[in-house]
Structure formats: structure tokens, C-alpha cells
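K.L.:
Below are the chains, spelled out letter by letter.
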Amino acid sequence: MTLGRVSLVVCVVLLAVAPLALSPFRLGLLAKYLCFAIVAVGIALAWGQGGMLTLGQGVFFGLGGYAMAMYLKLEEAGSAGLPDFMVWSGVEELPALWEPFGNPVFALAAVVLVPGLVAFLLGLLVFRQRVRGAYFAILSQALAAAFVILLVGQQGLTGGTNGMTNFTRFFGLDLSDPNGQRAVYAITALVLGLTFLVAKLLVRSRFGRLLVAVRDGEDRVRFLGYDPAVVKTITFTVSAVMAGLAGALFVPVVGIISPALLGIVPSLELLVGVAVGGRFVLAGAIAGAIAVNYAKTVFSEDFAEGWLYLQGGLFVLVLVFAPKGLAGVVESARLRWGRKPAEVVA
Amino acid sequence: MRSRTPRPRTFQRGLLALLLPALLATACVDEPGGAAGASGDEIKVGILHSLSGTMAISEVTVRDAELLAIEEINAKGGVLGKKVVPVTEDGASDWPTFAEKAQKLISQDKVATVFGGWTSASRKAMLPVFERNKALLWYPVQYEGLESSPYIFYTGATTNQQIVPALDYLASQGKKKMFLVGSDYVFPRTANKIIKAYAAAKGIEVLGEEYTPLGHTEYSTLVNKIADAKPDAVFNTLNGDSNVAFFKQLRGSGITPQTTPVVSVSVAEEEVKGIGPENVAGHLVAWNYYQTTTTPANDAFVKAFKAKYGADKVTSDPMEAGYNAVHLWAEAVKKAGTTEVEAVRKAAGGITIEAPEGTTTIDGENQHVAKTARIGLVQADGQIKEVWSSPGPIKPDPYLKSYDWAGGLG
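Top to bottom, those sequences are chains A and B. Numbering of the first sequence is given in numbering that gives the first Met the number 0, commencing with residue 0 and proceeding in unit increments. Numbering of the second sequence is given in numbering that gives the first Met the number 0, commencing with residue 0 and proceeding in unit increments.
Chain A extracted, bound-state conformation (with noise of 0.2 angstroms):
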């Protein structure tokens, strides 16, 4: 077996095993990790695969969130009630927007679709603009930023900056129960894997190599006939989806889902794992993600204090010493030990 094949494996059985050695603490924190790996593995995409640097994923990850996050509450607050939020803002009626979210089936496809329309949408005008590099991160950072004030200000639609809290059900499962929160967690660790096998299909497939050359030439593609911005549109929609998901899944694993977790500074954190994983690979950039945020939790509970610097200085770190992430150091060892390079598509 491969290396590749026996981490796999390991990690399965390590993420199979964890409800039964972890408390549910630790667990809903573990699940809270796995989310941000299902964001990672589109940034991955994205950008490790595609070059387009998104430094606004969790406009995304909000919009997955916040129509989860409308369903529950409507659920709660029964046929008759208002969500919480509503009653202490000064809403009387029921928001016309907020009506088809009391549907779980609409709920769970405006997950999957709202993310999926405003990436497509966009995509369509920023590509085909052959708008790239630096002038599409500043934009997608700016998108974040827009996200957030709106959020904020809509304090009877969204909550403001509260957000919504207070969830106790998820789909018949009671989420203060340890039963429900492992239920929860392996609803999540299936969507990562999910996601993962997704995105391996894709690198793989003769689209993931014309993403490969978009990235490295694009010019070069167009002038063989193929439009890169169709090539973008869609891996960039599939990412935007991605973590459209992670986000309806971090409503009911941590509880909260506020425009805290959706500006710039957010967006940039999830970059940070990505980059310090290793964005080329995969899974670097899903052991990344985790890593990094288990270092915040790590730090920032033995060090409430400093934890800041901790953090900073990892980082620092890996990007000085391993400047292509944590994969990267996997890839040159492989190297050194003679075995045959890893494929540069993982």
C-alpha cells in the first residue's frame, strides 16, 4: 500500500473511532474541524487547482448557514411563533423571504443552491471579465465585507449582529443529547468524505487537468479552443457549494451562526489552513484545516493570555520552512526516500 492509501485508512478509522474516545465535548469540536475541512477541500479546488485565490469563502459558508440556520428556527418557533430573534427585534409578521424556509426540502436545497447561483452568477461576470489574480481576491474580499454589513443590518431578516442562536433540534435529533451530537458528527464526517471523494473525482476526470491548465496557462487554453471561464464558473460554483454545505452543517454542531464567522477575517482563516496543509494536495488541505483549528483550540485554552502570537508564529513557520504546506514536506520525503514522485494532481 501506498502512503497515500495507508493515511486514508488511518484516518477513517481514526475519525470512526472518535465518538467512542472522545467526550461530546471534544467530539463537537472535532465536528466543528471537519467543517471547516469540507470549506478547505473547495479552496483547495479553487484555488491549489484552479489559482483563484477566494478570500471570500465564508459568503458562502454564511449563506449555507443562514438558510439552515432559518429552518431550524422556524421549526422551533412552531406554526405560529416567530423565531426568537424576531419577537426582541420588533417584528410582528413573518418576513416573506423567511416563509419557504419553514420547508426542510426547500431548506436543504437553497443549502446546496443559494451558495451554488450567487458563485455561478458571479463567476459568469468576474471570468468572463477576465478578471484574475490580485483583482479577484480584492473582489471576493469585498464581497465578504459587503456580506457582513448587510447581515448586520437586516437585524429583524438576520438577526444582526447576534446572528441565531439557541438551536435544540436538528431534524428530529435532539442536539443537547450526546446521541444526537454523535449523530451530528457523522453526518458531518460522511459529508466530508463525500466532498473529498467529489473533489478527487474531479482532479482526476479530463476536466480537473484542463483546470490544471487554466491555472498554469490560460491563454494558452483559450487559444486551443477551450473557454477557461466556463472552466472557472464551474469549480469555482463547486467550491461556493462546498461550503455552502460546511456552513448548514455548523449551524447544528456548534449551536450559532452570526456574521462573526463570515467577514474577512473568517474567510482569511480558512485560507490559512489551506496554506498551511499544502493547497495542491487534497488532503493536506483538509489535514490543514483541522490542524490549524485545533491549534487555535489548543492555544487559546493553555494560553488564554498569548495564544494570538502561538498561532501567528505556526503559521509563520510552516510558510517559511514548508512554503507548499504540510503536503509539500510529505512530497519532498517521498522524494528523498526515491520512491517515484507523487503525481502532481493528488
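Treat the hints as calculated values from the structure; they're not laboratory data. Note that the Cβ used here is the ideal one computed from N, Cα and C, for glycine as well.
Footprint (simulated), chain A over chain B, 3 or more residues, beta carbon under 8 angstroms: (1) 80–90; (2) 102–112; (3) 119–128; (4) 180–193.
So these bits of chain B aren't anywhere near chain A, every CB distance computed over 10 angstroms: (5) Lys305; (6) Val313; (7) Val386; (8) Ser388; (9) Pro392.
We have chain A already, so just place chain B on it with the hints.
P.N.:
Only chain B this time, still in chain A's reference frame:
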């Protein structure tokens, strides 16, 4: 392009260490055993404030006051003969982090209670965690009311102990036209909803209601609007840094406290220092405590605080409320004879201490405290002089049930 190939042995180890650090390590750091809250001769309590991020500047001062109170209690032999040991966590000005750390304090450290929070958003994020775990939170900041969780004690003012008295004061001064300025989040919006209901009932005209994002620093447009509207008073619910820009630009435009006083409910001694006393002197603030409040307990509190943290430190209302929270909790535990949450809750009703702000009593029904309202005038030296106070402690009424004009709010 390939990077230099590193030495293999190091990387063999590095690889193992780095591949799955999270999963492996998570499995290792699991809960230590131990009885809830009180084990052996120690009682663990959680302190959960933002030590990093935008709220750190405010919340660190509250943490300091809480640690001082714990030190005082321990110096007098602790609680139930046990030493109180604080476990500090960083909420990082991030609401989900508050929820996560609250859960960590409860399920891993097994603390007897938690003192923490500042923003309403952080409290709303922590509320389900405390209710789900049936654990206790002491929240030390004035807030927008309309809440009463059985697992939270609110030691800061609710609206009828701060905003309503401030409105009564303005009305008594003959102010008939008001302009509302606030940061865009739940406290200012809810506060303004209450102010508008009050104004409608008492014939006060609200000339404008403006919100700016947290951290906003460009106020010339807003100041112009105020200058055009010519209100008798401005009710200010801006939070944090925005106050610096707002007061500077207000002063720059020539609006003086004599013609248009600004009443602030989130500007205390600490913030006055940041804004620069010269920019805000002469304007009004509404709180329940000032460093200048004259009670024997306050003399001792200010002295002890300066001795511990430095002579240049100021004390403020939220700090005092945090300090009170620790003492109130200790008294409730002594009365209950245990740190067990339900027993402490039951014992807490009616607990009274002589706090720096005066007599402070826990209301057993809504778990808020009775507090004296005080209107203060900011002085040129940065201190705040009391110009009016309620005749005695005001009974907390978070849902404003005892006010006719507030019918539609709760």
C-alpha cells in the same frame, strides 16, 4: 519548480507528527475526572472575557475586577472553607468562541460558575450552553433587557435602571426633541425601540435615528444631520472606538454640551480616557456607579484596585458589576452551603451586599439585581460627577411590565 530536498530522517519524524496531529492529540487531551466545581479544598470558577480582539480593551478591565474580588474572598478564608481558583478563558471578541469556551469550562474544568461576557451577542451565544448544561453564568454589563434566563444572573443594569431613568432625567430638564445615535447591533436597536415608545407616550419628538457599523469612524455626515435637526439632546448608544470619532467631530462642528447635551449609556471612565476628556467634558452619561460614588465600599474598592493594578487605573460601572457578581455568588454559596447550581439559585434571591454602588440585592424572580440609577456629568479631568440619582435602588424589570407605555415591547 522543486524546493530543496530536506534531510529525510527529520522529515520521517516530522511527517508522523504533522500528518494527523489534530485527531491523535484530541484523543489524548480528554477530560480529567473530578466532582463538579468543588473538589478537595478548591472551588474552580470560570472567567470568560475577550482578552483579544476589539472587545479586549473593555473586557480585560472587568476580568481584573473579578480577579480582585476572588483575591479578596480568598484572603478572608475563601468560600465554605475552600479556596476559589479562577480558570481564565479568552472569548476573543467572537460569539461562537464564547459558546465553545463556556462549554469547555463547564464540561472539562467543571467550574462551579462562570463570570463572563460583555456584548449582548456573546451572552446570547452562551445562553443555550448554560441552559443546556444547567450551569450558572454571571453577566456583568448593562444590557437591553427583554431576557431572563434561569441560568444567568444579570448584575449590570437592565433598561429600567439605566435608560428609563436617563429619559426621565432629560424630560425633567425640559428636553422635548431628541436625536438617536447608535452602533448597529442589538443593544442600540432595542434601546431605541424603548426610547421611541417612551417618547411617543410622553410627547417627546424623535428627530432622527441613525446607526453606524461597529468600529465606524466617519461621523461628519451624522454630525451635520444633528446640526440641521437642532435637537434638545442626543441619546448616544454608540459602542467602543466609534465614540472617539463621534465626540471629536461633534466638538469640531461647534455643537456644545450647553446647547445640545449628549447622553451616553456606553461611555464610562475607561472610555472617557480613550475619547480624551476634553472632547466629552460637559456631556452626560447614565450608569449605576462612578469611580467618584461615595460609599465606604467604593473607597475600599478603588483603593484595592489601584494597589493591585496601578495608580493610573480607573474603575467603571461594568468593572464594579463584575466585582459585585463574584461577591454576590460567594454569599449565595455560603447561604446555600454548597456550590450546587440549583441550591445556589434558590439561595441567591434576596442576597444583599454593600457594594461600591451602594446596597445591591438579587431579585430572586428574574435574577437581576436592584440598582440605584445615576446620571453623571463628565469632568475635564476624565472623572464623572453625579448630578442626579434615583431615591434608592430600583427594582429590576427586564420586560418593563410595570410601565404602561412599554406595552408592545416585550
